[in-house]
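Protein chains in written order, with the numbering used here: chain D, 35 to 507; chain W, 35 to 507.
Any given hint could turn out to be false.
No distinction is drawn between identical chains; accordingly, a pair holds when it is met within one copy or between any pair of copies.
Said to hold, decoys possible - List of simulated lysine to aspartate or glutamate pairs, DMTMM-like, C-alpha gap at most 25 Å:
1. Lys446 / Asp387
2. Lys146 / Glu388
3. Lys265 / Glu388
4. Lys146 / Asp309
5. Lys442 / Asp56
6. Lys442 / Asp187
7. Lys66 / Glu441
8. Lys276 / Glu86
9. Lys253 / Glu503
If you are wondering where the hints come from, they were derived from the structure by calculation, not from laboratory data.
Residues per chain are reported as follows:
Number of protein chains: 2
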Amino acid sequence: MTANLDALLSPNSIALVGASPDLHIFRGRTLKVMLGHPYAGRIYPVSRSHDEIQGKKAYPSVAAIPEPVDLAILIIPAEHVPDELERCGVAGVKAAMILASGFAEARGPTGKELQARIVAIAERYGLIVCGPNAEGYANTAAALCPTFSPAVDNMIVPLVPPWRTRGHVAVVAQSGGMGFGFYDRGRAKEVPFSYVITTGNEACLETFEIVDHLLDEGKTDVFLLFLESIKDARSFERAAAKALAAGKPIIVAKIGRSDAGRRASLSHTAAVAGDHAAYQAMFRRHGIIEATDIDEMVDLAAAFSLCRERLPAGNRVGIGTVSGGGGGWLADACVAAGLTIPILDAPTRARLDEHIPVYGSSQNPVDATAQAIVASGYGELARLIVASDEVDAVIMIVSARSAASFEKEADKLATIAKASPKPILMWSYTLPSADTTRILSQAGYPLFTNMAICARTLAAMVHYRAIRERHLP
Amino acid sequence: MTANLDALLSPNSIALVGASPDLHIFRGRTLKVMLGHPYAGRIYPVSRSHDEIQGKKAYPSVAAIPEPVDLAILIIPAEHVPDELERCGVAGVKAAMILASGFAEARGPTGKELQARIVAIAERYGLIVCGPNAEGYANTAAALCPTFSPAVDNMIVPLVPPWRTRGHVAVVAQSGGMGFGFYDRGRAKEVPFSYVITTGNEACLETFEIVDHLLDEGKTDVFLLFLESIKDARSFERAAAKALAAGKPIIVAKIGRSDAGRRASLSHTAAVAGDHAAYQAMFRRHGIIEATDIDEMVDLAAAFSLCRERLPAGNRVGIGTVSGGGGGWLADACVAAGLTIPILDAPTRARLDEHIPVYGSSQNPVDATAQAIVASGYGELARLIVASDEVDAVIMIVSARSAASFEKEADKLATIAKASPKPILMWSYTLPSADTTRILSQAGYPLFTNMAICARTLAAMVHYRAIRERHLP
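Okay, chain D solo, but in the shape it has when bound:
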């Protein structure tokens, strides 16, 4: 059965146990981060030593709060957590997020005993418990950020790009640093995140129960997971099958390919990483996409977020380029990723040749030369290539350093992407400006800076569509 995690992830009232006025420590920072966003629910600081904290009335205990509390955030020393959790249970709190560290991941037996007590208390009261050793979460739709992560502090931009209304990405991560790292990198690429949820040791609630809940909730289209272990194979199987049926890709970083990685997971979240080959077989079976770097994770999420409804039907790629040298280089990268670069059909080439000077090429890669791009624009070139029956997808090589030319053809680019049943990706050999990134993302084009990742992402899209079609009636 799927757990209803609304009390944890969409609470109406929150107790912050351990709140502090000191902005240099995590207990003070967490309240500050929460108050920095326009969350519409109630936040109750709980403190034994203060009546007021950061302008909010504080309460001496959870029991003293004048209304039933959905969620308690615990940032107190590990040894006090079980007793406090017990008090939360007695007070009728529905869910708890434990940010404290020093449990099963710590050296010595004490932490393990503390964690076992947490599990017992959670079961006794039917409490939903996330953590311990977590870094909190962000629910962007609710403007709710119970976390000390700097990634959602002092925001000068909204939590989600205002123009994004779909294709939302949820992060679920055993590591707080990596989880909010995905957010930090992805936000800069105009990726809309629904949630960033960090789970730490997963003493009670584990990743795939959360995925299952988010699938039911329906606000998320792509999942980015950072896993040190999978605690429950059945819960994994259920969520993975449900996601595949819904066409909502799961992108995974699974730690523990090496002995050193497995050692690190054990000391980080007490996770037993297990045999990696077995995990990979399990991932492949369920169409789960594995990535080995943070850049790759975020680029995969950005691409599926924009293109999951027009995935390529095969692995034949058309490359259109302003740089002849870049065309050959990307062709090599595509072939290395398992894609093919067919020579285009004669009618398409004839149409392209009307735009391309004699020292360019329409064969594929289509080397339009800078002159043709200046004259005709990237959009026109992409439109002609993507119309060819010889290709299942297009990658355009662009220089995204300056936004001016993209600004000019933004409407045309949007029309072309919308009309095309095939995805069109872009790779920039110069460093994209923030404006270009926004314009292209808004027009429906995932923009890559790393060529190898661009090629591998397209290959993952091909593979994901194929496995879905194989699995579904």
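Dock chain W against chain D, hints included.
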């Protein structure tokens, strides 16, 4: 014999044949870019239709210029190039850079005939000719940029980071887009470039003659090459051996791993890409480092630029991290790249444990936890790890989003890097700010954003040192 290319790359006087007042076309843009930098030599626009262009007196022909000209830049239609080159020869011009396209790379026989005429004229007059189909170059020390590349136009920063006095990187690229793309990406990472030289079809002068010249000149420590073909194996062998002896790494992107890549090279610069396996064997023999993406090229250059005098003696890596999850992930990436992550020795661990809370780990990866980093700083952690006899290099996992903490420990970081005979690299899981990038680079730490590239770069450093020690007496 090594060609003296000073007339081409460090001229005292330049004729710009085809100069135009129209800033929307390459002929106008090239003059504008040149005039935008404080080059100390003389620039003479040559034009049949104007007496003055962009504020400079223009001349009707190269012969009419009142002094001997070192270098002629030709941006005129391909069919006029041979005659103009002949006139340059007659006028005693020493070198020519041909930016025009439409030669051997073009469809049909005309271009190939034009290119053959260029070769004959260059030989007849002893002219040094670069191109055709090139995009010009940048000589940063001379503030000389005869190119239409936007990458060196409208600079709001100096061509080279002002604090950089050594570790300069020269780009030599058959592709103008890629060559200046390396510059654009690398400049943002505080990499000091000595030259960006684009060579196009290499009808006469080819990449390794230029590398040879730059080695003799002595202003360059690292080479970034974009190759579609190697025209002359002997010139390659000579330059490669000389670079290896000098400890000046050559990093190469070689196009043509795939049929499609070879096809693209042929239509781009008329290059016959050849068998890639044979190239790779040749590269390995000479300690040449091959990379498959623009990010990887630039990161390799940045790392060798800062650390080429303290390369790792072996493949044992110490990882220090603020994020436990990141530590395991990076350990996996290091092992995948052929590196090892040994458990640290007891005395080092005892020293580390004084800083690390009970829920961290000193084994390796050293999971210091965010608390210990806030209290002790990244520098102290790096210092303790790098001192261990068990490691040959260190990678620190940092959050480089905010510069504040790095600013505070900048002096200490610089002292530690300077004192260490082993390299210390950094990988940031958040998007680095420009300030952090500068601070860390200035302190001697290559900063990576891509974890897989970070691991592969360190492996390349290990390999490069090993191959040098094997080859040298």
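Where does the structure disagree with the numbered hints, that is, which hint numbers, in rising order?
Of the numbered hints given earlier, those the structure breaks are 3, 8, listed in rising order.
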